[in-house]
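Asker: Fit chains W, X and R to the supplied structure of chain U, relying on the hints for placement.
Protein chains: 4
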Amino acid sequence: MTREIRRLGVLTSGGDAPGMNAAIRAVVRACVHHGIKPYGIREGYKGLIDGQIEPMNARSVANIINQGGTLLKSARSQAFRTPEGRQTAFENFRSADLDALVVIGGDGSFTGATLFEKEFGIPVVGIPGTIDNDIFGTDYTIGYDTALNTVIEAVDKIRDTATSHNRLFFVEVMGRDAGFIALNSGIGCGAEEILIPEADRGIDHLIKSLERSDRTGKTSSIVLVAEGGKDGGAFEIAKTLEAKLPDYEARVTVLGHIQRGGRPSCFDRVLASRLGVAAVKTLMAGNSCVMVGVRNNAVALTPFAEAISKHNAIDDELLEVADIVSI
Amino acid sequence: MTREIRRLGVLTSGGDAPGMNAAIRAVVRACVHHGIKPYGIREGYKGLIDGQIEPMNARSVANIINQGGTLLKSARSQAFRTPEGRQTAFENFRSADLDALVVIGGDGSFTGATLFEKEFGIPVVGIPGTIDNDIFGTDYTIGYDTALNTVIEAVDKIRDTATSHNRLFFVEVMGRDAGFIALNSGIGCGAEEILIPEADRGIDHLIKSLERSDRTGKTSSIVLVAEGGKDGGAFEIAKTLEAKLPDYEARVTVLGHIQRGGRPSCFDRVLASRLGVAAVKTLMAGNSCVMVGVRNNAVALTPFAEAISKHNAIDDELLEVADIVSI
Amino acid sequence: MTREIRRLGVLTSGGDAPGMNAAIRAVVRACVHHGIKPYGIREGYKGLIDGQIEPMNARSVANIINQGGTLLKSARSQAFRTPEGRQTAFENFRSADLDALVVIGGDGSFTGATLFEKEFGIPVVGIPGTIDNDIFGTDYTIGYDTALNTVIEAVDKIRDTATSHNRLFFVEVMGRDAGFIALNSGIGCGAEEILIPEADRGIDHLIKSLERSDRTGKTSSIVLVAEGGKDGGAFEIAKTLEAKLPDYEARVTVLGHIQRGGRPSCFDRVLASRLGVAAVKTLMAGNSCVMVGVRNNAVALTPFAEAISKHNAIDDELLEVADIVSI
Amino acid sequence: MTREIRRLGVLTSGGDAPGMNAAIRAVVRACVHHGIKPYGIREGYKGLIDGQIEPMNARSVANIINQGGTLLKSARSQAFRTPEGRQTAFENFRSADLDALVVIGGDGSFTGATLFEKEFGIPVVGIPGTIDNDIFGTDYTIGYDTALNTVIEAVDKIRDTATSHNRLFFVEVMGRDAGFIALNSGIGCGAEEILIPEADRGIDHLIKSLERSDRTGKTSSIVLVAEGGKDGGAFEIAKTLEAKLPDYEARVTVLGHIQRGGRPSCFDRVLASRLGVAAVKTLMAGNSCVMVGVRNNAVALTPFAEAISKHNAIDDELLEVADIVSI
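Chains as they are written, first to last, in UniProt numbering: chain U, 1 to 327; chain W, 1 to 327; chain X, 1 to 327; chain R, 1 to 327.
Extracted from the complex, chain U is given alone in its bound form (with noise of 0.2 Å):
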């Protein structure tokens, strides 16, 4: 079966992304490629009800792939949430002729992408791009591996000055529910401590780590916090801690948004591309509601209900070198 496409529209929703734009450069040229006529919907769904749609071309993509952020920016919208939101929705997406819509971002996109598939019969793939690697049906989503690389580069430095005695560095991370960048990131850093939601062990492990540590003749350990966790943020158990262990100097670092930002690394990038150029042929061959994603090295569709209902586990393979490495 395929599907003839003559005007399709691309828009970002939800957090940035680095890799966005790389997305959103495929997105076009492979529309370019194919004989479609690209529009960039500006802010997300928010755009789309307000009518911000404008038509690009191959060169209105030029030199964005190496930026961060996105160039059609991303905004959250309430209104989208609404019966009444979508229809204004659909009536812009009708005036300006548009075929097909593919919606870059995380699965709260997605369903809001579901449902405008089901009540307007809008063709629709989804293209994941969030840092927190938490959509099922794709090994990597745009984003992640940017992230992580910003998260050791930051803890090496601190890693540099990490010389005395008995110091304490805690790092905050993003993932509140998910701890895959804290975990790959904690590997990646050498942290001596990682504390994610799929795996908390609880302040009393942390304490024997460092007492283990102390034995072993560490001189200063650096703990990584996934936001959110049960016993709070980086700053909180840094606090409870130093009440157990007052020989104990604690530092706390909040790196907040700055992983959401930053030139994509390469995989990104690549990731991108072949994401943007997949998402246009797949809806040329007739899909929708679906997500492009990579499995095993290749480009796979998950259906949006798999992609946002269920979840990727952590790998207990990656927990395991997480212990060992930090001996």
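Do not rely on the hints blindly, as some may be mistaken.
Note that the list lumps identical chains together, so a pair holds whenever it fits in one copy or between two copies.
Calculated pairs, DSSO-like style, for lysine-lysine (alpha carbon to alpha carbon, straight line, at most 30 Å) [said to hold, decoys possible]:
hint : residue 1 : residue 2
1    : Lys281    : Lys218
2    : Lys310    : Lys281
3    : Lys310    : Lys239
4    : Lys37     : Lys208
5    : Lys37     : Lys218
6    : Lys218    : Lys118
7    : Lys310    : Lys218
8    : Lys244    : Lys208
9    : Lys281    : Lys208
No lab work stands behind these hints: they were computed from the structure.
As the structure is a prediction and not an experimental result, all values here were calculated from the model.
Answerer: Same frame as chain U, now just chains W, X and R:
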């Protein structure tokens, strides 16, 4: 089947690759974890012949995960290619009372390891460490991801200055026999054309591509050249092109050994940590003459014979993506 | 007047600063150049008391010019604040047969050095090494330039994501008593507002500034906060502001010790190389209790007493520039 | 004396330099601050002749302070070297009703500006923007500090791999007539030898230096070569040296236009912000045909005639430091 190992040697061999230190660290700490005494052999096979074998411990690999190069240094050894050289190496190996060997390097290093195992029955496991990503049996070699980032960061800077009309930038990257670096970094940096050994379409195709860029309004173009292609390096191609297209002003950058160094990316550090831990486990499980790699996100074993003789092919999907996104 | 020096000790003291290694390297190599035997004292004054004094040579400082932190480590020493501690330090100094001392650190380190010179007549020269740039007698301290770059690289990433309306980013930087980091990195990163101890115009001024930004069409704002200002750190100010401006969503980043590490910038490496060479010359010329700094691009000497008691003032021109360019 | 300015044009000319955007931004916002209407002229003098003059405002320079290159683009203009070309430029200037001009560029750009002022009485002020730091009247040109960091970051990576014996790395940097980049980045990266036009001691000195390195135990050496020296570029010198020292294996890196791009350093951003603000003030104060620079940390004016005809000399102190720290 399991093998008892009391003392294990580890060496790095061949060209440096970022992440080798992370692999050494993981091997050493996995040994400590399993009650094995780790020994570092300096300067690869050369050091094995010279008797540069020293005990290591968890602390001797502290603060190296973020360093490029290799703590154990790497060197070429003509002597190890001779039976006499390997005999001396074996005697040193036995004097140090080592039971097994981990070799971090490329296919040349695995060839040496194979001979060493055959002649003296030393159990040996390999870890793929090379920026070229040209080893069969693993989706990624250690150092490759970092090298890609190094290339795109360099080319990003060139892109900033590429504002004048009819300006042509040639950037020569590594990859004498394999175009993985050029192809992937070429997509990542948004190169207008990528010249790789596996799919070299010649100067004439390049000229056509530049003429197309001109028509579509590109003001300047960046061409990635893998060293050692049939039309020569970047300087040669630039000269040929300027002769054929006198309106163009060509500028050349030769990245050279910059690509072999630098702080490893998070991807390479995690990969190296996983493979280091897996190498020790693999030896303990009784295997020998195999390489530990990562395939489809899981650790996988490949016999040295296969890793050496077979080659990863360039993915057609990527070639197509490269063509489409460079419109 | 000249002084004959046969053996010279060098130590780093106080908080780490990028470029300290380059300064150590320059001191050691200048010694070698002048026929003086260089000795490294580990962990600052603490190591002097503990007798951690070791001979160095041109090769022992190889490959450190590009490393953050300090090879000789730094530590605080309560003991050195006591006459008994300094007596022990002096005995170790004499046992090692050292003739002179170079101290790399901040004003606290120079205070200790002054006492050591007064009590025991040890010739000592200081090199200003601190990221805060708050030492009188030098236009730049070693590490300051690198810290500025660290801050702006972090904030650049935040800027990528600052696309939504009414979003407010607070970034807390170091500088308890001196706003040099906040003011200069604030200009460098294009902060909308900069809160520094020397010119803290209070929350109300910040609110007015945000309202102006709103009127002139800014979609989001970045506020740099020097730690320890009168309105508290970034988290406190963010809370106060969200209470007063409920439409704004505030996001907080606390950079912390990231600012003390990282590869030194070229500026800091050259500065450290110049000052390290100058420190040895200054001792050879018979001086003592002086700091070598750079003023108006030339090496300049300042007595410790002056370097400790006086302070560089924030330049009014810079404050005005900050106001104008943040329109 | 003061001059009333209602509308002011700004252009960038000559080779790109990181920080030019920060300077444009400062000029534009200083105009807004003083009630002057700012106009951007694209592609330098070429755009002035072509009539590419557009109004700007505070928002049109948003989010550019951290970008390399120049928003206004830069181009060479043969036409502006002719009286006819300048006449057309003047007519466009008058049509746009502009009162004054700010030129950001190098000495070639100031030569053009001088003619334009003489022939048509247009008040013009220059801002030194070039990576070469070769303009008299300012201690630093915009872009120079960033270029130094670009070079040392590249060479740092080479240093990681420089572990084998008798290996020699040649790195060619920019600076056809001025060795500032080579000398300062050479000190910064710890180069064993630096070949600059101003103090080229020839191949024989280089050979002696390598022999000394050999004796003192250096395993490998890095040589920085300023392009266009009397012994040729890095490739030529490498060949000559390999012929004379067959034991050495030479590796060459040519950085090329990488040095002109990249995100500007904090130093360059602050410098550019100060000079942009100062340029507008200088015009308002009634000056013309002068360059605003920074001398001894303060803004200083230099007549174009002097800025063009005189040259900064290489500092002997730095040459001595380079010799000492490379021991």
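Asker: If a hint holds in the structure, say so; if it does not, say that too.
Answerer: Comparing the hints with the structure gives:
Taking CA atoms no more than 30 Å apart as the test, Lys281 paired with Lys218 passes between copies only; the shortest distance there is 25 Å, against 53 Å inside one copy. Only within a single protomer do Lys310 and Lys281 lie at most 30 Å apart by alpha-carbon distance; the minimum there is 25 Å, versus 32 Å between protomers. For the homomeric pair Lys310 and Lys239, neither the shortest alpha-carbon distance inside one copy (36 Å) nor that between copies (36 Å) is at most 30 Å. Taking the shortest Cα distances, Lys37 and Lys208 sit within 30 Å of each other only across copies (24 Å), while inside one copy they are farther apart (61 Å).
For the identical chains of this complex, Lys37 and Lys218 are inter-copy neighbours only, at 19 Å across copies versus 60 Å inside a copy, given an alpha-carbon limit of 30 Å. Taking the shortest alpha-carbon separations for Lys218 and Lys118, neither the intra-copy value of 58 Å nor the inter-copy value of 37 Å comes in at or below 30 Å. Proximity of Lys310 to Lys218 under the C-alpha cut-off of 30 Å is found in neither arrangement, the shortest distances being 40 Å within a copy and 39 Å between copies. Only within a single protomer do Lys244 and Lys208 lie at most 30 Å apart by alpha-carbon distance; the minimum there is 12 Å, versus 43 Å between protomers.
Taking the shortest alpha-carbon separations for Lys281 and Lys208, only the inter-copy value of 26 Å comes in at or below 30 Å, while the best intra-copy value is 53 Å.
In this structure, the earlier hints numbered 3, 6 and 7 are contradicted, and the remaining ones agree with it.
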